[in-house]
Amino acid sequence: MADRVKVKVVNLGSCNGCELEILDALHLDPDLLLCREGDRPDVVLLTGVLTMTNLARAERERIPGDVPLVRVGSCAISQGLFLPPDGALDRVPSLCGKAPAVCGCPPVSNAIAEAVNVAVDKERPCVSA
Amino acid sequence: MSPREVTLQFEVPEVYRLHLRTGMDGTIREARVEGELASREVGRLVASRYRDPHKALYVVERVCGACSQAHTLAFSCAVERVLGVSVPMRAQAIRTVTAELERIQSHLLTLSETAALAGARGLEQELWRTWQKVTAVLAAVTGSRVHYGINCIGGVVHDLPPEALRAASGALADLGRSLGDLDGVFEREAGSRLRGLGVWKAAGRDLPGTGPNQRASGSPRDVRAERPYLLYADLPLMIPIRTEGDVLARTSVRLEELHISHRMVKDLLSALPEGEVRIADLGGPRPGSASMSVEAPRGEDRHDVVLSADGEVDALAIRVPTEDSLLGVSEALIGVHEEDARLVVASFDLCLSCFGGT
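Sequence lines, in order, name chains A and B. By the working numbering, the letter at position 122 of the first sequence is numbered 122, and the numbering carries on one by one without gaps. By the working numbering, the letter at position 26 of the second sequence is numbered 1026, and the numbering carries on one by one without gaps.
Simulated from the structure, these hints should not be mistaken for laboratory data. Mixed in with the good hints, there may be bad ones.
[Stated by the list, open to error] Below, computed lysine to any residue pairings styled on SDA-like, alpha-carbon distance capped at 20 Å:
(1) LYS6(A) to GLN1125(B)
(2) LYS1266(B) to ASP1159(B)
(3) LYS1055(B) to PRO84(A)
(4) LYS1055(B) to ARG91(A)
(5) LYS1266(B) to TYR1232(B)
(6) LYS1055(B) to PRO1287(B)
(7) LYS1201(B) to ARG1242(B)
(8) LYS1055(B) to VAL1085(B)
(9) LYS1266(B) to ALA1164(B)
(10) LYS1201(B) to GLU1244(B)
(11) LYS6(A) to ASP1181(B)
(12) LYS6(A) to ALA1116(B)
(13) LYS1266(B) to GLU1244(B)
(14) LYS6(A) to ASP39(A)
(15) LYS1055(B) to LYS6(A)
(16) LYS1055(B) to CYS105(A)
(17) LYS1055(B) to LEU81(A)
(18) LYS6(A) to ARG1121(B)
(19) LYS1201(B) to SER1330(B)
(20) LYS1266(B) to TYR1229(B)
(21) LYS98(A) to ASP66(A)
(22) LYS1201(B) to ASP1183(B)
(23) LYS1201(B) to SER1219(B)
(24) LYS98(A) to VAL67(A)
(25) LYS1055(B) to GLN79(A)
(26) LYS1266(B) to ARG1090(B)
(27) LYS6(A) to ASP42(A)
(28) LYS98(A) to LEU81(A)
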């Protein structure tokens, strides 16, 4: 199982709905594995409200570079209904590049699993919930 | 020997930092749990941007993904108290069913994490499969397996038609078979590791709050029994109590509550009261304030609501059960080896989404 995809979750302040579905995705897809502390992740999942304040943490978490950063859920995609836009979304293109985003509140687990696989395999088409 | 300080950070399923002060042998002498979340301040958000109580429900539901029914229920009931209306019996039954299914869902989530950290991987997988089964029942009853969107001011959003009831009953029977396989499973698979670990005792005082953590430490308190709401006054409510206060006692209380909740849901679905599922006319706006406490899966969840003369929310304060459990975690970690710290914390089922969301 050496080629399992190591998934790291960075929670910026979510309600836990996305985390429940992420955990379910990790149970549904045997090729996905929660990344252990200190290991290099193959993909980073970003959940919760993205703000200018926590943007730096999101950028720091994807070090070393080139790790796809997939936004999961409405809060990470559009700040949801929690905060007035503060400019953080303008930084998304440089932060996330062409990595897929999974919409929904929360997204369903198989869409998350598929997005992770898309993020690490550029040949496959983008998906959303 | 000089003590040292350790900070551990965890992301899934909860985001928290555990600040530990340990002896050279790794035994914890002081412990503090700290969340690291963007504060969503749902109470302030509702009172400033989503003041219509009907719209506010959508926001209140997102205080927490694991106990959204508890939050929308407490908020709806508080608003209904201000309005002076009584919810139809059938709606109360559907609300009760959803609340008890949510308790099963939340407990299974905690038990699954506890099993994983105790090294019982097979048990963790089995518990997760059971979690998937309870979410199937929730989907049959409410239409969704996370954030159910079932409550509205004055009742529930939709009825349970016969075909949905059949689907829910079938999924519930499947869940019941899985729950039967879980009897005494922690005792068998990890009893020697969990017994006597992370003890939280009353030690001659009243433990703060309610919930499974307190009930595993000898406190009989449960909001459903102390201040019955919905149909709890008429249901055969059993409250499991342990006195050991250790990790095994906390898992045992939750395992017993799974069966009790399952039985309540089964009884309610087999004899749903007839009638409407929401009040057609809520009357005009009415100013006032009210509080409502419900027994969420983790303990007492209280919403204090103030409505203005035009019927909008002027203020909302939410008090979540994790506030009470944080004290327990800090005390239970003393004397535990730092390698077991995460397991002890998991057994308390902290919800820093609730804590950071309010």
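Please name the hints from earlier in the document that this structure breaks, with their numbers sorted from lowest to highest. The structure breaks hints 4, 11, 13, 15, 22 and 28; every other hint is satisfied.
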